[in-house]
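Produce the complete structure using the sequences and hints provided.
If you want the working numbering, it's the position in the sequence shown, counting the first as 1, plus 1328.
Among the hints, erroneous ones may be present.
The calculated EDC-like cross-link candidates involving lysine to aspartate or glutamate, where the alpha carbons are at most 16 Å apart (straight line), are [as the list claims (entries may be wrong)]:
hint, residue 1, residue 2
1, Lys-1448, Asp-1347
2, Lys-1445, Asp-1383
3, Lys-1394, Glu-1370
4, Lys-1394, Asp-1428
DEER-style ranges, computed between Cβ atoms [what the hints assert, rightly or not]:
hint, residue 1, residue 2, range
5, Lys-1394, Ala-1333, 19 to 29 Å
6, Thr-1350, Pro-1432, 37 to 47 Å
7, Ser-1430, Ser-1360, 37 to 47 Å
8, Phe-1354, Asp-1383, 16 to 26 Å
9, Ser-1431, His-1351, 24 to 34 Å
10, Pro-1341, Pro-1387, 17 to 27 Å
11, Tyr-1348, Ser-1431, 36 to 46 Å
Rather than coming from a laboratory, the hints here were simulated on the basis of the structure.
Here the structure is a predicted model, which is why all the values come from computation and not from measurement.
Beta carbons are placed, not taken as given, at the ideal position from N, Cα and C, and that holds for glycine.
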Amino acid sequence: GAADACQVTVTQPRFQEADYSTHRVFLTCAFSASGCSSSPPEVLWFRFLTNKHEDLCTPGCTDHQKYKVHLLSENNISLQINNLTVDDNAVYICGIAFSDSSSPHSKQAGDGTVLTKTEKQHSNGKLIFMIIASSLLFLYSTTVFTFFVVYKVGSKSHTFKYPLKKKISSGRKIFQAIAQELQKQRYAEDCRQPDDLEDDTVYQNR
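Have a look at this one:
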């Protein structure tokens, strides 16, 4: 039937940065659908942290005080995140599923948005983090797509998370290593800062 020709494309902004004083953020997700039913699709949100994957809204949100999904228009959605902290820095993936279609293209995930909430002190490592995180997005989106398709087929989470563990472990290790390196850099910056100020004074006096 017509529903079998259903094809979905999902688009997300690559990066979103929140200032340290920001406590609420909206991540946007746009999709286009051709040959799909007129019934509204399911909207799902996931995120990758440095060492784990989390279901946020599939489609019901796991924490209604923290997360809320908004339908901005027919093809535009946003995820509202409340009580934002640096612990929410992650790759956020938006998924769209027309569950009444048998087409493999009727269930698609976006490439993900890297959300970064900055700390009060500016970190030199932030730019490096952004560049490397963007290169990892392809790896994550491929993994999530596999995860997403299996999820929608109806398997229970504990039966398919294990096979995917191998696929995403390398990406997680890289991501975790970056995060740890940035933490070390920040710690080193904090320790060195008084010395740096003294050095600047010496140079200026010369």
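- Task: Please flag the earlier hints that this structure goes against, numbers listed from lowest up.
- Result: 2, 3, 4, 5, 7, 9
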